[in-house]
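Positions 560 to 875 (the numbering used here) are the ones given, in order, by the sequence shown.
Be careful, since some hints might not be right.
[What the hints assert, rightly or not] Estimated spans, in silico, between C-beta atoms of each pair:
no., residue 1, residue 2, range
1, Pro-647, Glu-695, 23 to 29 Å
2, Asp-779, Asn-611, 27 to 33 Å
3, Asp-846, Ala-670, 25 to 31 Å
4, Trp-631, Glu-733, 28 to 34 Å
Note that these hints are calculated values from the structure, not bench results. Using N, Cα and C, we set each Cβ at its ideal position, and we do this for glycine too.
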Amino acid sequence: MGVRALGLPEATRSPNTPELPEQVTIWEVGPRDGLQNESGVIPSAVKLEFLNRLNAAGLPVIETTSFVHPDWVPQLADAGEVINGLSPKPGVRYPVLVPNQRGLDRAREAAVSDIAIFASATESFAQRNLNRSFEEQFEMFRPVVRGAASSGMRVRGYLSMVFGDPWQGAVPVEQVVDAGKRLLGMGCDQLSLGDTIGVATPGQVESVLRGFYEADITADRLAVHFHDTYGQALANTYAALRLGISTVDASAGGLGGCPYAGSATGNLATEDLVWMLSGLGIEHGVDLELLVDTSTWMAERLGKPSPSPVVKALAR
Numbered sequence: 560m561g562v563r564a565l566g567l568p569e570a571t572r573s574p575n576t577p578e579l580p581e582q583v584t585i586w587e588v589g590p591r592d593g594l595q596n597e598s599g600v601i602p603s604a605v606k607l608e609f610l611n612r613l614n615a616a617g618l619p620v621i622e623t624t625s626f627v628h629p630d631w632v633p634q635l636a637d638a639g640e641v642i643n644g645l646s647p648k649p650g651v652r653y654p655v656l657v658p659n660q661r662g663l664d665r666a667r668e669a670a671v672s673d674i675a676i677f678a679s680a681t682e683s684f685a686q687r688n689l690n691r692s693f694e695e696q697f698e699m700f701r702p703v704v705r706g707a708a709s710s711g712m713r714v715r716g717y718l719s720m721v722f723g724d725p726w727q728g729a730v731p732v733e734q735v736v737d738a739g740k741r742l743l744g745m746g747c748d749q750l751s752l753g754d755t756i757g758v759a760t761p762g763q764v765e766s767v768l769r770g771f772y773e774a775d776i777t778a779d780r781l782a783v784h785f786h787d788t789y790g791q792a793l794a795n796t797y798a799a800l801r802l803g804i805s806t807v808d809a810s811a812g813g814l815g816g817c818p819y820a821g822s823a824t825g826n827l828a829t830e831d832l833v834w835m836l837s838g839l840g841i842e843h844g845v846d847l848e849l850l851v852d853t854s855t856w857m858a859e860r861l862g863k864p865s866p867s868p869v870v871k872a873l874a875r
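Construct the complete structure from the given sequences, taking the supplied hints into account.
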């Protein structure tokens, strides 16, 4: 039984939850955050086919690759080839991750219009992921953000370890809000709050978001990025939606994790998110059947099944 035969869940919006957004932007991270965590190197041709399939499925934002040094993330060493081979779809955004000034220079050379930087809410992860102290990371990113803005690029700031750090434990909300405000203050257009190791619960999500709102950061400047280590990604997303968040990161088929945080498992699967949004009557613009077909196709190339429950249910 395929997606078409089974259909989508009936859309039901409770009158008791009028705060849910009418529309959600899905920020697809599979080609970058998903594939960077694979043990093997995926051929460029397969990545480009993956991007084409995601285009066809209607994703509005597809994070395409990362301009990092190949020694750091060899899975994305072909970033230039992928960008050059991309067949962009009108109206779709294709951000790339840049770690430093050299990455920005490469993004400029490739005529990229959207970039993202990746910062940490904690000292330990800044040291391990960026080889910088918590304070030094902001000095590294400031000229990158300003340079991107001067080139007309949109800049997203990822903030990792927002809900917990494997080396430091719980992260104070005040510390998270301070780091996020500094990224927004230097010129990031949007801040994505990352549950890098997947330990968040809905109550924590509410506490962090309210912390930002009390600091006069509005919901339209925030996004959420959940991992499903403890099976809480959808619950956490729903909590964020009820507090006004309307941009949600997800990865087709649940691909991904974090190469520098060993306890992290896959990202929130885009298919699981789409199923929930459809059931809530929230517009998202994604063709679930094409998306499931895409994740099934990619799973075959990776030689392992998708962890997404929705993919498993609909791809039988």
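Hint by hint, here is what the structure shows:
no.	hint	result
1	Pro-647 <-> Glu-695: 23 to 29 Å	violated, 35 Å
2	Asp-779 <-> Asn-611: 27 to 33 Å	holds, 30 Å
3	Asp-846 <-> Ala-670: 25 to 31 Å	holds, 28 Å
4	Trp-631 <-> Glu-733: 28 to 34 Å	holds, 31 Å
Checked against the numbered hints above, the structure breaks only hint 1 and satisfies the rest.
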